[in-house]
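Each chain, letter by letter, is given below.
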Amino acid sequence: MNPIFLFFHKTGSPPWFYKYSGKLIPWLWAIFLVLTAYGLYLGLVVAPADYQQGESVRIMYLHVPTAWMSMMIYGLMAIMGFIALVWRIRIMEVLVISSAPVGAAFTMIALITGSLWGRPTWGTYWVWDARLTSELVLLFLYFGVIALYNAFDEPRKAARAASLMSIVGAINLPIIYFSVEWWNTLHQGSSMGSSGTGIHPSMLLPLLLMATATKFYYGANLLSRARLTLLKQDHRKRWVQDVLSKESH
Amino acid sequence: MSRQATGTAFVALLRRDFLLAYRRRAELLQPLVFLLVVVTLFPLGVGPSPTLLANIAPGVIWIAALLATVLSLDSLFRSDFEDGTLEQMVLSGQSLALIALARTVAHWLVAGLPIVLLSPLLAMWMNLPDEGLLILIESLAIGTPVLSLIGAIGGALTVSLKRGGQLLSLLVFPLYVPLLILATSAVSSAVVDLPYTGQLGLMVAGLIASLTLAPFATAAALKLSLS
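As you go down the protein sequences, you meet chains F and E in turn. Here our numbering is used: position 65 in the first sequence is 65, and no number is missing along the way. Here our numbering is used: position 4 in the second sequence is 4, and no number is missing along the way.
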C-alpha cells in the first residue's frame, strides 16, 4: 500500500488513534499548564498597565487568544469536515463534533471577557460593534452545529450533518465578518477596539505565550473528547472491551 | 444522460411542484398571512409614529420576510421525504443538485415571489418614503431567491428529523445576516438619497454565488438525510 494511504488508514483506525492520543494528551496538558502559568505571570504581574486603559488592559491576555481560537477552531472544523465527507474518515467526523463545544466555549470566553473589558473602557457591557457582533454570530453558528449533531439519533449521520453544516458556515463566515464590519462603520463613524499599532515586547510576549497555550489546551481537550466519543460509539466492539478490561486492572 | 433529458427533468419537476402547490393553496397562504401579521405587530409594539415607522421600515419588512421564508422552508422537502418520492428522485439517475435546484426555484416562485409582490403594501403600512419603495422591491427580488437557496441547505439537513423546524431557524438565521445587512442598508440609503448600487451589486454577487454553490450543498445534505 502507498505509504501516505497507509498512514491515513492507520491514523484513522480508532484503536490506533485511542492508543497514541492517550500518550500525547499528558504532554499537551503539561505544555499548556507551563505556558499558561508563565504567560499569566508575565501578563498579570510583569507587563505594565496601559496608560489609557489602566489595569483593565490585562484582560487582553485572555481575550485576544480566545477570540483567535474561536475563529481558528471553526476553520479547522470546516477543513476536518471536508476531509470527513470526502474520504469518509471516521476519526475526522469525531474530531469535528469534539471541536464544536471547545470552540463554542472559547467564543463565549471571548465575548464575556470582551464585555467585562468594555464596561470600564467604553462605559457599557455591550455595544453592537462589528467585532462583537460577528463573534456573537459565530457563537450562534457553533450552537447550530452542536444542536444539529444532538438532533440525530444515529451518531455517524449526526457527525456528517454537523460536518456539512460547519463547511457551509465557514464559507459564510468571512462574508458575515466583512458585512458586519461594513454595517457598523456605515452606521456609526467611530471604530472602537481595533488599534492596529505595534505592541511593546513586554506586552507582546505574554500575549503570544497565551495564544500558544490555548492551542495546546484545544489539542488536549479535543483529543480527550474524541477518545470518549470513540469509546461511546464503539462500546460493543472488541477493542473497547480490551481497552476497558486493561484499564480496570 | 443527454442534456435534453436533464432539461426535461427540470421542467417536469417544476411542473409537478406547481401542481402540488396549487392543490395545497391554503398551506401556501400561511407564511404570507404570517408575514402580514408580523409586520402589523410592529406599529402596535413600537407605536404608530410615522417617522419612527419609516425609520425601521426596511429592517421590519426584511426581518418579516426572513421569518416567513423560514416558516415555509420546513415543508420544502418534508412531504417528498416522508412518502419516498425523494428516494425515487435520487435513484432516477438525474443530478441531485439539479433536482435540489428545481425544488428551490419552485419554492421561491410560490413562497418568495409573493413576498416581493406584497412588499408595496407592507411599505405603505410601515410608512416607507416613496424613494425607498422601488429599492425595497428590488432588494427583495434579488434577496428572496438567496433566502430560498441557503434555506434549502438547512431544510435538507433537517428533513429526516421529527422536529426540524426550530433547528432549521437556528441553522439558517446566522447565514442570513449579510443579506439582511446589505438589503436594509440599500433601502435606508435610497431613502436619504445616498448611493445604493454597491449594496445591490453585492447582493447580486451573493445571489450568483449561492445559485452556483448552494444546490450542491443541498444535494449533499439530501443524500446524507437519506442514508
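One should not assume that every hint holds.
[Claimed, not checked] BS3-like mimics (lysine-lysine), calculated; alpha carbons at most 27 Å apart, straight line: (1) E:Lys-223 with F:Lys-23; (2) F:Lys-23 with E:Lys-162; (3) F:Lys-157 with E:Lys-162.
[What the hints assert, rightly or not] Here are some of the chain F residues that sit facing chain E, going by a computed Cβ distance under 7 Å: (4) Lys-19; (5) Leu-139; (6) Leu-141; (7) Leu-164.
[Said to hold, decoys possible] Coverage of chain E stretches by chain F, computed from C-beta distances (three or more under 8 Å per stretch; other residues unrestricted): (8) 13-19; (9) 26-34; (10) 82-89; (11) 168-175.
Read the hints as simulated data drawn from the structure, not as lab findings. Everything numeric in this text was worked out from a predicted model, so none of it was measured. Glycine residues also receive a C-beta, built at the ideal position from the N, C-alpha and C atoms.
Quick rundown of the hints versus the structure:
1. E:Lys-223 with F:Lys-23: violated (38 Å)
2. F:Lys-23 with E:Lys-162: violated (41 Å)
3. F:Lys-157 with E:Lys-162: Cα-Cα ~15 Å, so holds.
4. Lys-19: Hint violated; Lys-19 (chain F) Cβ to chain E Cβ min 30 Å, cut 7 Å.
5. Leu-139: violated (9 Å)
6. Leu-141: holds (5 Å)
7. Leu-164: holds (6 Å)
8. 13-19: Violated, because only 0 residues of the segment 13-19 of chain E bring their Cβ atoms closer than 8 Å to Cβ atoms of chain F.
9. 26-34: That given contact is violated, which follows from only 0 residues of the segment 26-34 of chain E lying within Cβ reach (below 8 Å) of chain F.
10. 82-89: Contact hint for the segment 82-89 of chain E vs chain F: violated, 0 residues under 8 Å.
11. 168-175: holds (count 5)
When each numbered hint is compared with the structure, violations occur for hints 1, 2, 4, 5, 8, 9, 10.
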